[in-house]
Amino acid sequence: MQKIEAIIQPSKLDAVKDALIELGVQGMTILEARGHGRQKGHTETYRGREYSVDLLPKIKLEMVVTDELLDSVIAAICSTARSGKIGDGKIFVSRIDNAIRIRNDERGDLAI
Amino acid sequence: MKPFCCSRLLVLATLSLLPAAAHAQSPAPVINNGDNAWMLTSAALVLLMTGPGLALFYSGLVRRKNVLGTMMQSFAMMAVVTLLWAFVVWSLAFSSGNAFLGGLHQVFLHHVGLAPDPFYSPTIPAQTFMVYQLMFAIITPALIAGAFAERMKFSAMLLFNTLWVFLVYAPMAHMVWGKGGLLNFSAIGMGRLGGFFPSLDFAGGTVVHITSGVSALVCALYIGKRVGYPQRDMRPHSVVLSFIGACLLWVGWFGFNAGSALSAGTLATSAFVNTHFAAAAAAVGWSAVEWFKRGKASALGAISGSVAGLVAITPASGFVTPMSSIWIGLIAGAFCFFMVTTVKNLFTYDDSLDAFGVHGAGGTIGAILTGVFACSAINPTYRNGLPTGLFEGYPKQLLYQFAGVAIAWTIAILGTLLILFVVDKTVGLRLSAEDEETGLDLSQHGEEGYEFDMDVR
Chain A
15 MQKIEAIIQP SKLDAVKDAL IELGVQGMTI LEARGHGRQK GHTETYRGRE
65 YSVDLLPKIK LEMVVTDELL DSVIAAICST ARSGKIGDGK IFVSRIDNAI
115 RIRNDERGDL AI
Chain B
3 MKPFCCSRLL VLATLSLLPA AAHAQSPAPV INNGDNAWML TSAALVLLMT
53 GPGLALFYSG LVRRKNVLGT MMQSFAMMAV VTLLWAFVVW SLAFSSGNAF
103 LGGLHQVFLH HVGLAPDPFY SPTIPAQTFM VYQLMFAIIT PALIAGAFAE
153 RMKFSAMLLF NTLWVFLVYA PMAHMVWGKG GLLNFSAIGM GRLGGFFPSL
203 DFAGGTVVHI TSGVSALVCA LYIGKRVGYP QRDMRPHSVV LSFIGACLLW
253 VGWFGFNAGS ALSAGTLATS AFVNTHFAAA AAAVGWSAVE WFKRGKASAL
303 GAISGSVAGL VAITPASGFV TPMSSIWIGL IAGAFCFFMV TTVKNLFTYD
353 DSLDAFGVHG AGGTIGAILT GVFACSAINP TYRNGLPTGL FEGYPKQLLY
403 QFAGVAIAWT IAILGTLLIL FVVDKTVGLR LSAEDEETGL DLSQHGEEGY
453 EFDMDVR
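Which chain is which? The protein sequence lines are A and B, in order. The opening position of the first sequence corresponds to residue 15 in this note's numbering, with each subsequent residue numbered one higher. The opening position of the second sequence corresponds to residue 3 in this note's numbering, with each subsequent residue numbered one higher.
Read the hints as simulated data drawn from the structure, not as lab findings. For every residue, glycine included, the Cβ atom is placed at its ideal position computed from N, Cα and C. Hints may be right or wrong, so weigh each one.
Far from chain B, some chain A residues (derived; all Cβ distances over 10 Å) [as the list claims (entries may be wrong)]:
id	residue
1	R63
2	V78
3	I116
Capping the alpha-carbon separation at 20 Å, the derived lysine to aspartate or glutamate pairs in EDC-like fashion look like this [claimed, not checked]:
id	chain 1	residue 1	chain 2	residue 2
4	B	K227	A	D32
5	B	K298	A	E58
6	B	K298	A	D32
7	A	K74	A	E120
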């Protein structure tokens, strides 16, 4: 089992979500987040006072998938969330030891 | 008690002489239902300017933790000033007294009935005029809150504004509009009602905007900057609220200016048209300069510009032509942009919501431009049809306008300084640093404007 954390542009969420569901990803958690990588922020001006805003709104997707699904999920996120410009986001992958379904105590791949 | 009785007798004696005297110059007072309908509507429109208009305009510009506290600074005036007005302040402002202040013979609205007062408004009940003027007394101290936003105690704000209505508003209103006031321009019964310096102020450029704006500057300087200003992020938490507020101010201003005709006739039409044109021109003026200087025209800039134009046209609205009002708006929009962006940063005072930059500066330029553009064809009652403004060939009026401005600035500075000192030494002006971090909403009122917790209810 692998955990995928993908940080993407908010405008790409629908496309990414649809692609993942089509692949057979059973569930995901979505968080509204703020942050920045190499992308620079922007400036806002209110009555002549300038503020530089460097934490920008992002969407963070979290999901746990089987090892077999991993590569196709990564490919699907990359192809749907990519605009080619700086600020498209990142994907982090980590190994998961176990998963438990609270309702019936199923374990491992069955629970995800 | 004795002087009070004596003065009352004196007034009764004077009043009994008045109808005959008034009859010589103006028609006998008969209530006109059309006028009364418009004036009651106007009174409601002016109240709409304070709540929700000003309350939304200001509270959108503060940080999220201060949204309710800022709204309360407006709303509290709707309640508190109303009572003060009914008890004493009306009498101090509008009953007859000397050239600077009214008397006490109309305290508790004594003798303010449903019959018209021919000196102020011969066609509407005296109570309509009284309640209409009350709405002005409500919004004026509420405007000052823009300068001490996010850092003054609620108790201090209440005490400050209470004293301010007595010490600054009542004398200024009496001087400009009251019977025998020093600056009264009114030609009804010239020599008796008209003042020494007839300064043209149709709807309160000096009384409302200069006094509140200049007092705001004094407050900002006396109280000091907000913790962390200007380094910290103090962006407006919702320009959307401010946007709605500004649009309500624009609409309410028709009551403020066109209502100041005190009748539903042609003068009200002039003031209505001028008000609208100046607001539009000032929004264009501010936005154009902003676009040119900063590359973008902002929503906050456009609405701030319209308010600046509304402020500037206030004294002029019943004296100028529509084309003049467009000039006044354009000039005020550009001028206030400069005051709010460049001048404020140059002197580094924290006039948080630009009460001075918009109301003080806009009110001052408006008062002066009134003397420049005033036109006898629009308002022939002042000077009986003779030239009234600089462009018409009456430069003396400009001098009177400067006198009005100077007196308004002086009384605002002195009165506000005295009141700030008294409030500071008694209840204390500023929030503690800790309360300022927490915000007005929680520290002063024990509640929050927005509930974002993820609970299920």
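Outcome of the hint check:
The claim that A/R63 lies off the interface is violated: its Cβ sits roughly 7 Å from the closest Cβ of chain B, which falls inside the 10 Å cut-off. No Cβ of chain B approaches the Cβ of A/V78 within 10 Å, the least distance being about 22 Å, so the stated non-interface status holds. Taking the minimum C-beta to C-beta distance to chain B, about 18 Å, the non-interface status of A/I116 holds against the 10 Å cut. Taken as a hint, the B/K227 and A/D32 pair is broken in the structure, with Cα atoms around 51 Å apart against an allowance of 20 Å.
Note on B/K298 and A/E58: the hinted pairing holds, with a Cα-Cα distance of about 11 Å set against a maximum of 20 Å. For the given pair, B/K298 sits about 37 Å from A/D32 by alpha-carbon distance, which is inconsistent with the 20 Å threshold. For the hint linking A/K74 to A/E120, the alpha-carbon distance of about 27 Å lies beyond 20 Å, and the restraint is violated.
Against the hints set out earlier in the document, violations occur for numbers 1, 4, 6, 7.
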